[in-house]
Amino acid sequence: MSEIPNGETLFKYVYPAAFPDDQEDIPISIFHIKDLSCDWMKYRPDPFTSFHIDEGKTIVIAINVCEEIKHPRNPKNNGKIEEAWQQKVIHQPVSEEEDPKHGANYAHSLILGKKKMPVQEAIKDNSTIYGRATSDDKG
Amino acid sequence: MEINKSEKFMNDIFDDIESNATMLVSGSFFSESNDELIATPSESYSFFEEHEYKSVANLNTWCVQGSLDEKKYQLQHFNVFINKRKEYLDTLEGLDNWISGESEAPNRKAIDDSKFILDSFKNWLSARFEIPIPKIIMGPIPTGGITLELRPDKFNGMFISIMNDEEIEIDVMIDDTFYSVDKESTHIKPYLLEVYEHLVDE
Chain A
2 MSEIPNGETL FKYVYPAAFP DDQEDIPISI FHIKDLSCDW MKYRPDPFTS
52 FHIDEGKTIV IAINVCEEIK HPRNPKNNGK IEEAWQQKVI HQPVSEEEDP
102 KHGANYAHSL ILGKKKMPVQ EAIKDNSTIY GRATSDDKG
Chain B
114 MEINKSEKFM NDIFDDIESN ATMLVSGSFF SESNDELIAT PSESYSFFEE
164 HEYKSVANLN TWCVQGSLDE KKYQLQHFNV FINKRKEYLD TLEGLDNWIS
214 GESEAPNRKA IDDSKFILDS FKNWLSARFE IPIPKIIMGP IPTGGITLEL
264 RPDKFNGMFI SIMNDEEIEI DVMIDDTFYS VDKESTHIKP YLLEVYEHLV
314 DE
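Protein chains in written order, with my numbering: chain A, 2 to 140; chain B, 114 to 315.
Just so you know, these hints were derived from the structure itself, not from any lab.
The reader is advised that the hints may include incorrect statements.
When the alpha-carbon atoms are kept at most 25 Å apart in a straight line, the in silico DSS-like pairs for lysine-lysine are as follows [said to hold, decoys possible]:
(1) B:K267 x A:K117
(2) A:K81 x B:K267
(3) B:K222 x A:K117
(4) A:K81 x B:K121
(5) A:K117 x B:K121
(6) B:K228 x B:K197
(7) A:K77 x A:K117
(8) B:K185 x B:K228
(9) A:K35 x B:K222
(10) B:K118 x B:K248
(11) B:K118 x A:K117
(12) B:K267 x A:K77
(13) A:K115 x B:K267
(14) A:K43 x A:K89
(15) B:K228 x A:K117
(16) B:K248 x A:K117
(17) A:K89 x A:K35
(18) B:K121 x A:K77
(19) B:K118 x A:K81
(20) A:K77 x B:K118
Some chain A residues close to chain B (C-beta under 10 Å, calculated; not the full set) [stated by the list, open to error]:
(21) F12
(22) K13
(23) Y14
(24) Y16
(25) A18
(26) F20
(27) F32
(28) D40
(29) K58
(30) P76
(31) E122
Glycine is no exception: its CB is placed at the ideal position from the N, C-alpha and C atoms.
Start from the sequences, fold in the hints, and give me the full structure.
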């Protein structure tokens, strides 16, 4: 387990029907979870090779790891870093024993910490839709 | 530290909630009287007569203030938009394995509460031509539930998270600063529209 440095990219996978089909924005709701599971681009340069794509989660969201996510600041507190909002971004590979159904995932990573709304907003502000898998992609 | 206008407004709201808490009915967030949230339109407008109806407007953009006729046109589209979003919400029930990591589908109660809020805002906005229509973004929560984002612009918004366990979290962003209502959220119900009105007044 190691901390992922700023400037790195993490991938999240979403089933298309989870979003309204004409909604362009990423909903903040998808970041509302204490252990936010992702894949680190360093070890999965092509996110479309993930088993999640095979399972139909074909929208790939890229999260840019940065200080704004790790140490969100609170304007109400003179812009100081809010301790309760801090996140740890760590590399935590999954072994085959831990996930016999999908097998080992060395790219697996986590954004750990309570996701109060300002934290969700910070993650959203640093996220983009990386792409959508097509029938040409693995799956 | 100097308290700004927004902070004072939110403090007043919270004080009001505290002082009225014992008088208000606790329990389900929306199963009691909904009078505070539902408004009757003060002006009627035809769905198809005044403007040629083409398709659902692109409501992915920030709200635009315009003339009365433009507002009526926007409201027509907004009504269609809300109906489409309610149809979308119904499709979320039973949506398993929808995101990498933990992945729970919203339950029926969370969906129905979300639809109720959308309808309430739609009806309320129909009666308030001076209030800009917000951009509305929504999606499911991985641990179960739905969040509705009502954003008049990038720096202001109201976020309503309806969890499967019936807990409601409400956050308000005013000028990029968040105010969280994380206790006794049940009691903010009568204030929701007042809070939104403050957002767009800023």
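Hints that the structure is at odds with (numbers, increasing): Violated: none.
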